[in-house]
Amino acid sequence: MRLFNNTNIPFVKYRKIAYVISLILIVAGLIGLFARGLNWSIDFTSGVAAKVNLTALDSSVEPIQIDELRNVLKNNGYPEAEIQHVGPVQDASFMIKIKSETADAEVSGNAKNEILSIITENFPKHVEGRDINQDVIEEIYEVGPKVGSELRTNAILAVVIALILMIIYIWFRFELLFGLMAIAALAHDVIIIVGIFALTGKEITIQIIAALLTIVGYSINDTIVIFDRIREDLKIRRKEPLDEVINFSLNETLSRTVITSGTTLITALSLYLFGGIVLNDFAFAICLGVIIGTYSSIYISSSLVIDLTHATKKEKRTAQKLSGRR
Amino acid sequence: MKKFSWRGLSIIIFICVTAFYLAPLAIPNLPGWWSNHVLKLGLDLKGGMQILLEVDTSELSAADARGAVDQNIKIIRERIDQFGVAEPSIQKLGENRIMVQLPGVSDFQAAENLIKQTAMLEFKVVANPDETRRVLDSIDANVNANLDRFPALKELAELDRELLEEADDEASSDLGIFSSLIRPGQMDYEVQFDSVRLVQELLGNADFVQMIPAGWQLALERANAENPRADRPIHVLSSAVELSGADIARARVEYGSATSTDPRIANKPYVSIEMKREGARKFERVTADNVGRRLAIVLDGVVYSAPNIQERIGGGRAQITGRFTTSEANELSIVLNTGNLIAPISPASTSIIGATLGSDSIRSGSTAGLIGLAIVMVFMLFYYKLSGLITDFALIFNVGFVLAMLTAFGGTLTLPGIAGIILTIGMAVDANVLVFERIREELDHGKTPRSAVDAGYKRATITVWDANITTLIAAAVLYQFGTGPIRGFAITLTIGIIGSMFCALVFVRSIFDTFIVTGTKKSLSI
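Protein sequence lines, in the order shown, are assigned to chains D and Y. The first sequence begins at 190 in my numbering and counts up one residue at a time. The second sequence begins at -13 in my numbering and counts up one residue at a time.
If you are wondering where the hints come from, they were derived from the structure by calculation, not from laboratory data. Some hints could be false.
[Unchecked claim] Distance ranges between label pairs, derived from CB positions:
#1 D:E303 to Y:P199: 28 to 38 Å
#2 Y:D248 to D:T342: 53 to 63 Å
#3 D:E303 to Y:D123: 45 to 55 Å
#4 D:Q273 to Y:E240: 43 to 53 Å
#5 D:E303 to Y:P10: 36 to 46 Å
Note that CB positions come from ideal geometry on N, CA and C, so glycine has one too.
Take these sequences, add in the hints, and give me the full structure.
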C-alpha cells in the first residue's frame, strides 16, 4: 500500500500562497497576543487553584449551582474568585481560582484553608459524611509570587534556549541559512499556537510550555528530514536549479512526512479524546503543533531558504557548500 | 546465529534488562531484592502533597546559610518520619529551597503545619496582674495617641462612640480601645472569638508592637482543639527568654494516671521534658526567682501553657500540661524534640492532589495510550505488511523499554510522563518509516531486497540521527528548566527517543538481516 507514489506537487511554485496564509495566521496570533494577552495559569501568576467535588452523598440534596458557590465566596471575602464547572454536568465538580493581581500582592498563605472552611460552613449538606481531605478535594495548588514569576522567566528562557541550541546544531550540520530558516519556521509555529491560546483565552500552564517545547522538537525533526534530503539531492543533481531540486526533495519525503505526522497526530488525538481533563489542553496544543509544524516544514522553511538564497544571490555558494560537505 | 555479533549481544542485553525491570509489575511474588525495583508513581498519579519551602537565609553568612538549609532538611525529615508517611521525598532545590513530597498523605493540613513550624520554643515569665494592668493601660494610651496608624482600631473607636452616644453611658467610655477587645476571664484576660483575628493581626503588626512598653510582649494562648470558637486567653509576658528549645534534651508524651490528684494530668496526655545540663541550671534559677508567678511555654509566639511556679525545681525535669488531645501532645513533643529550625522557612508553593484524581488520570492515560498504540500498530501492519509487523513488535518493546529504564534510574511516572510515552509511540515509528520509505525507493530503482535494505539503512541512518538529536535538545532543555512532573515528561521523552532509535536501527535491522532478506529471496514484504 502506498499513499504517495512518485508525486510531483509543485510546492515551491505555490509558496507565495503559503506565505500569505502564514502571514494572516501570524498577524492574527500577534493581535491576539497584544490585544488579549496571555492567560497565565496560577503556576506563573501565583495564587490558589482548588478543584473540589461537591456532589452530595444524599441524592435528595439539590446539587450546588455555580452561582451559589460564587456568591458564597464573594460574601466571604473572595469576590475575585473565578469559578468553573469541571467534568460532566451531574457531577458538582468546581475549579476555584484566585489569582494575585500583581506580583507583590500575595494571596494569603491561608487562602486554601479559608476557602475550604467557607465551603464546609456554607454547604454542610454537600460535604456531610465525606472526608474533606480524601473525597472533596480533588486538587489544590497554591503558588507564591516569587516562584510564579521565576517560573515564567524560566519558561520563556527554556523556549528561547531550545531554539538557539537548534540553530547551532543545524548550522553545524548544514548551513547557517538553513538553521536560521528552520528556526524562522519554528518561531512561526510557536507564535501561531500561542496566538491561538491568546485568542481562545485558554490558560498557559506548565504543561503547555512542555507541549510547546515538544512541538519545537517535533517540527524541527520534520524540517531536518527534508533538509537532509535537499542536501543529498543537491549532490546528485548539481546541474538543476535550486528551486527544482528542493521541490523534488519535498515530494520524495512527502510520504514519510505525512505518515509520521499522521501517527503522531493519531496518538495526540487519542490523548485529547481519551486522556482525561488534566491532559486535555496539553493534547490540544500538541495536535495543533503537529498540524502547523508539518505545514511549516513543507511550505515555510524550504521556501524561505529558496527566497533568501535568491535574494542574497548565494545560490551557487550554498549548493557548493552543502554538496561539498560529506 | 553462527558467529558472535555485537548487535546480537546488545539486543539480548536490551531484552533482559527490560524484562528484569518490568517483571515486578506483572509477577507478584518475586524475591525482595527484585520486587524492590518497581516503577514509582508520581504524586499527581498517586495523590498526596507537595510543598516547596523557601529558607530565609538573609540574616546568615554564606557558609552558615548552606549549613542552615541542610540542617533544616534534617529537621524536616525527622518531623516527617515521626508523622509516619511512607516514602517521603525531601530534596534540596537550588540554593535555599526544599521540596517536600508526601505521597498518600490525607490530613494535609496537619502535615503542612508540622512542616511549616519554625518551632521557636521559649520559656518566659508571665506578668503578675498588676503588671498586666499597667502594660495594657500604657498600650491603650499609646494606641490612643497614634490612632491614625491603626485604621481597624480607629474604625472600632468611631463605631463605639456612635453606639455610646445613644446609650448616653459615660462610665465605660474611658476604657481604652485595645482593652475593649479583651476582657477579664476566669484566670487571665481573654479575647472573644470574633476579635481573635483582629488581635492576631495587631500582634503581627510592627507598628503595634512599638506600642507595647519595653520589656514586655503580648501572646495569645493556642486555640482550644475541642472548641475552636472558644475565647482565647491572652498573656502579658516578660520579653526576656529564660530558656529556649536548645536547652531541651528530650520530650515525650505521657499519660497521667486516672487516680492522679492533679486534675490537669489525671487521665490526660501531657508532655514531659528533660533539660540539658545547662538548661536544668537555668530552669532552677528561673523557678527559684519566680516562685508564685507563672512561666509560659511559648512556641512560635503562641502560649501553649502557663503553669504556676510553686517551688524551685532542680534536676531539669518538667511537665507541660494543658488541655491536650493525644495528637496535639504528640505534635508538641515532636516539635520539642526536633528543635529549632535555624533559619525560618516559608512555603513558596503547595500542591495537593486527591487520590481519586490520580487514579482517574492513570485510567484515562492508559486508555488513551492503548487506543493510540492500537491504531498506529494497525496502520503500520496495513501499510508495510510484514515489515510493519516487525515494527509493531519493536514499538511494544519500546514502550516496555521506557517503563523499564524509568524504573532502573529510580524515576517516577507522572501524568505528563504518560503523555510523553504516548507521544513517543507516535514518534517512534518515525525512524522506521524513514528507513522503510528509503528501502521502497531503492526497490523502485530495481535493486534486490538485500542491497535495497542495506542502502536504505545506510542513507536513512544519518537522517534518523539528525532528526532525533534536535528532539533530544528540546528534551534536555525541558529537563533543565522544568520541575517535578515536567522533568518526568522530559525523561520519558528522552528514553523514548533513544529506545526508538535503538529499535529501528539495531533491533528491526537485525530481524531484517537474519530472517527477512536471507540470501536468495527475490521479494520483500514492505
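Evaluation of the provided hints:
no. : hint                         : result
1   : D:E303 to Y:P199: 28 to 38 Å : holds (34 Å)
2   : Y:D248 to D:T342: 53 to 63 Å : holds (59 Å)
3   : D:E303 to Y:D123: 45 to 55 Å : violated (35 Å)
4   : D:Q273 to Y:E240: 43 to 53 Å : holds (51 Å)
5   : D:E303 to Y:P10: 36 to 46 Å  : holds (43 Å)
Violated hint: 3 only; the structure is consistent with all others.
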